[in-house]
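**Q** Put together the whole structure using the sequences plus the hints.
So the sequence lines, in the order shown, correspond to chains A and B.
Heads up, the first sequence stops at 94 in the numbering used here, and the numbers go up one at a time, no gaps.
Heads up, the second sequence stops at 370 in the numbering used here, and the numbers go up one at a time, no gaps.
It is worth saying that the hints were derived from the structure and are not from the lab.
Treat the hints with caution; some may be incorrect.
[As the list claims (entries may be wrong)] Below 30 Å or equal to it, Euclidean Cα-Cα: the simulated DSSO-like pairs (lysine-lysine) are:
hint, chain 1, residue 1, chain 2, residue 2
1, B, Lys-233, B, Lys-211
2, A, Lys-89, B, Lys-364
3, B, Lys-116, B, Lys-211
4, A, Lys-89, B, Lys-138
5, B, Lys-217, A, Lys-89
6, A, Lys-89, A, Lys-25
7, B, Lys-138, B, Lys-116
8, B, Lys-138, B, Lys-217
9, B, Lys-233, A, Lys-25
10, B, Lys-217, B, Lys-116
11, B, Lys-233, B, Lys-217
12, B, Lys-138, B, Lys-233
13, B, Lys-116, A, Lys-25
[As the list claims (entries may be wrong)] Quick list of the computed label-pair ranges, beta carbon to beta carbon:
hint, chain 1, residue 1, chain 2, residue 2, range
14, B, Arg-304, A, Glu-80, 30 to 38 Å
15, B, Arg-127, A, Thr-62, 27 to 35 Å
16, A, Asp-84, B, Leu-214, 15 to 23 Å
17, B, Asn-237, A, Thr-62, 53 to 61 Å
18, B, Gly-323, A, Asp-68, 51 to 59 Å
19, A, Lys-25, B, Thr-272, 22 to 30 Å
20, A, Leu-20, B, Arg-204, 29 to 37 Å
We put the CB at the ideal spot given by N, CA and C, even for glycine.
If you want the building blocks of each chain, they are given just below.
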Amino acid sequence: MQTPTIAGSAQPRLARGVRLQTDSKTGNSVLLFPEGVLELNETAQDIVSRCDGQTVGEIIHTLAEEYDIDPEMLGGDVRETLADLQRRKLIELT
Amino acid sequence: MIAPRPYALLAEITYRCPLHCPYCSNPTQTGNDQELTTDEWTRVIREAAALGVLQIGFSGGEPLARRDLPDLVRAAREANLYTNLITSGVGLDDERVRGLRDAGLDSVQLSFQSDKTDLADEIAGARAHQHKLDVAAKVREAGIPLSLNFVIHRRNIDRLPEMIELAESLQAERVELANVQFYGWAFLNRAALLPTRDQVVRAREIATAAKARLAGKMDIFYVLPDYYEARPKPCLNGWGQRYLTVNPIGEVLPCPTASSAIPDLRFENVRTRSLDWIWRESESFNRFRGTEWMPEPCQSCPQREIDFGGCRCQAALLTGNAGNTDPVCELSPNRARVDAVLRDLNSSTPKAFGADWTYRMNPKTVPGLV
Numbered sequence: 001m002q003t004p005t006i007a008g009s010a011q012p013r014l015a016r017g018v019r020l021q022t023d024s025k026t027g028n029s030v031l032l033f034p035e036g037v038l039e040l041n042e043t044a045q046d047i048v049s050r051c052d053g054q055t056v057g058e059i060i061h062t063l064a065e066e067y068d069i070d071p072e073m074l075g076g077d078v079r080e081t082l083a084d085l086q087r088r089k090l091i092e093l094t
Numbered sequence: 001m002i003a004p005r006p007y008a009l010l011a012e013i014t015y016r017c018p019l020h021c022p023y024c025s026n027p028t029q030t031g032n033d034q035e036l037t038t039d040e041w042t043r044v045i046r047e048a049a050a051l052g053v054l055q056i057g058f059s060g061g062e063p064l065a066r067r068d069l070p071d072l073v074r075a076a077r078e079a080n081l082y083t084n085l086i087t088s089g090v091g092l093d094d095e096r097v098r099g100l101r102d103a104g105l106d107s108v109q110l111s112f113q114s115d116k117t118d119l120a121d122e123i124a125g126a127r128a129h130q131h132k133l134d135v136a137a138k139v140r141e142a143g144i145p146l147s148l149n150f151v152i153h154r155r156n157i158d159r160l161p162e163m164i165e166l167a168e169s170l171q172a173e174r175v176e177l178a179n180v181q182f183y184g185w186a187f188l189n190r191a192a193l194l195p196t197r198d199q200v201v202r203a204r205e206i207a208t209a210a211k212a213r214l215a216g217k218m219d220i221f222y223v224l225p226d227y228y229e230a231r232p233k234p235c236l237n238g239w240g241q242r243y244l245t246v247n248p249i250g251e252v253l254p255c256p257t258a259s260s261a262i263p264d265l266r267f268e269n270v271r272t273r274s275l276d277w278i279w280r281e282s283e284s285f286n287r288f289r290g291t292e293w294m295p296e297p298c299q300s301c302p303q304r305e306i307d308f309g310g311c312r313c314q315a316a317l318l319t320g321n322a323g324n325t326d327p328v329c330e331l332s333p334n335r336a337r338v339d340a341v342l343r344d345l346n347s348s349t350p351k352a353f354g355a356d357w358t359y360r361m362n363p364k365t366v367p368g369l370v
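**A** In structure tokens, the structure reads:
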């Protein structure tokens, strides 16, 4: 799959009506929205919890430090996750 | 059998409704029982959250007929549930929209009968269309995400382009174009509601084109009338797997139409049992859970964990036995019953398909003490 083109300066935020919450049954994060529930894996959870005004570049930088891996390598994964969430209208990029 | 965890609760808080839509999925007959009180609903909501439920839909009837709706929304938010209001809009003014928003309401699904006032009001059996247009604007102003739900049938399906246009002009985030499914009052009125094959083909083309055109702007969900399908719908994602319904008098149902469609199933009541016990242990939830109950051709079918044998209520209504394969399935020995209905409607001289329908009547249930 081609890496989606999302600018490093873009600011992802949760779309209107979307809530990030901890599922008390599993301890994992879930996104709640009018049509349903999306269970997030650990990486998606780390990304989505930072969709609060930080730029894509900042998110990649922070996570790369946290995971101790090359930001270049992580960038594609982060952008793919964000593009997928944007397609589902769960986040908006400004 | 080990019960999975449920994700969504449909809270039918009242059967009372100011509209009389002839396709209502509510039971055609209701007893004289008292609606659950605010305290009882609050307990049900907490028990549902403890079971794992993450979403609640407040429905009915018209849920706004209950003055305690904001209290119930607040209770649901306190239990960390995502709250949807499924409404005709009748009874929603500025003050109530604000009250619901302040209580934490997450989203509103507003029903429409048509795009045109006279046809919409004729279908609803009440003057409601103009008010609904105002309600849509008020919900938008309050900043609450809005979905529109158009119920489609033979009398309005040819106006699909105009209905989509209306949804666009009301700036809905999402629109459902849902063909009537035949339960409750709709089953009673099937002869007047079922669209013809030509109508269904055209509507599908229009919906597909609109979906592509509006991608990224407004989500369009088109629900087919399943009589025209070759394989059944994966009803409920399986019986007792993800969903539960509590009706106005406290009965807990695996499916909202089960109480009227499957008369031999006994439903437990939250007034006498915990929701947890009912979900895990009750006969009504376990009867069709999993795949063991399935007859042939489902039992050996590779699709059995994809469509779950279709809809138990439809099997009951069309074959008299809820344990049969959904007769919509082309592999069902009872498919001829569905074909006979379609053949009659689509023949050059359809008989028995009048334009008259029976309007939904007001139920006998007694309002709760609210």
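**Q** Do the alpha carbons of Lys-233 of chain B and Lys-217 of chain B lie within 30 Å of each other, as the hint requires?
**A** Judged against 30 Å, a Cα distance of about 27 Å means the pair holds.
**Q** Just tell me: holds or violated, for the beta carbon distance of Arg-304 of chain B and Glu-80 of chain A against 30 to 38 Å?
**A** holds (34 Å)
**Q** Given the hint that Lys-233 of chain B pairs with Lys-211 of chain B, test it: the Cα-Cα distance must not exceed 30 Å.
**A** Since the Cα atoms of Lys-233 of chain B and Lys-211 of chain B sit roughly 21 Å apart, the hinted pair holds (cutoff 30 Å).
**Q** Lys-138 of chain B and Lys-116 of chain B were given as a pair; does the straight-line alpha-carbon distance stay at or below 30 Å?
**A** holds (20 Å)
**Q** Mind checking the hinted window 15 to 23 Å against the Cβ distance between Asp-84 of chain A and Leu-214 of chain B?
**A** About 20 Å separates the Cβ atoms of Asp-84 of chain A and Leu-214 of chain B, which means 15 to 23 Å holds.
**Q** Could you check the hint for me, namely that Arg-127 of chain B and Thr-62 of chain A are 27 to 35 Å apart, CB to CB?
**A** At roughly 57 Å between Cβ atoms, Thr-62 of chain A and Arg-127 of chain B fall outside 27 to 35 Å, so the hint is violated.
**Q** Run the distance test for Lys-89 of chain A versus Lys-138 of chain B: straight-line Cα separation, threshold 30 Å.
**A** holds (23 Å)
**Q** Going straight from one Cα to the other, do Lys-116 of chain B and Lys-25 of chain A come out at no more than 30 Å?
**A** violated (46 Å)
**Q** State, for the Cβ atoms of Gly-323 of chain B and Asp-68 of chain A, whether the hinted interval 51 to 59 Å holds or is violated.
**A** For Asp-68 of chain A against Gly-323 of chain B, whose Cβ atoms are near 57 Å apart, the range 51 to 59 Å holds.
**Q** Are Asn-237 of chain B and Thr-62 of chain A spaced within 53 to 61 Å by their CB atoms?
**A** Violated - the Cβ-Cβ distance for Asn-237 of chain B and Thr-62 of chain A, about 37 Å, lies outside 53 to 61 Å.
**Q** Is the hinted pair Lys-138 of chain B and Lys-233 of chain B satisfied, with a Cα-Cα distance of at most 30 Å?
**A** Distance ~35 Å between Lys-138 of chain B and Lys-233 of chain B Cα, so the pair is violated.
**Q** For a C-alpha distance cap of 30 Å, please report whether Lys-217 of chain B and Lys-89 of chain A respect it.
**A** It holds: about 10 Å lies between the C-alpha atoms, which stays within 30 Å.
Of the numbered hints listed earlier, those contradicted by the structure are 2, 12, 13, 15 and 17.
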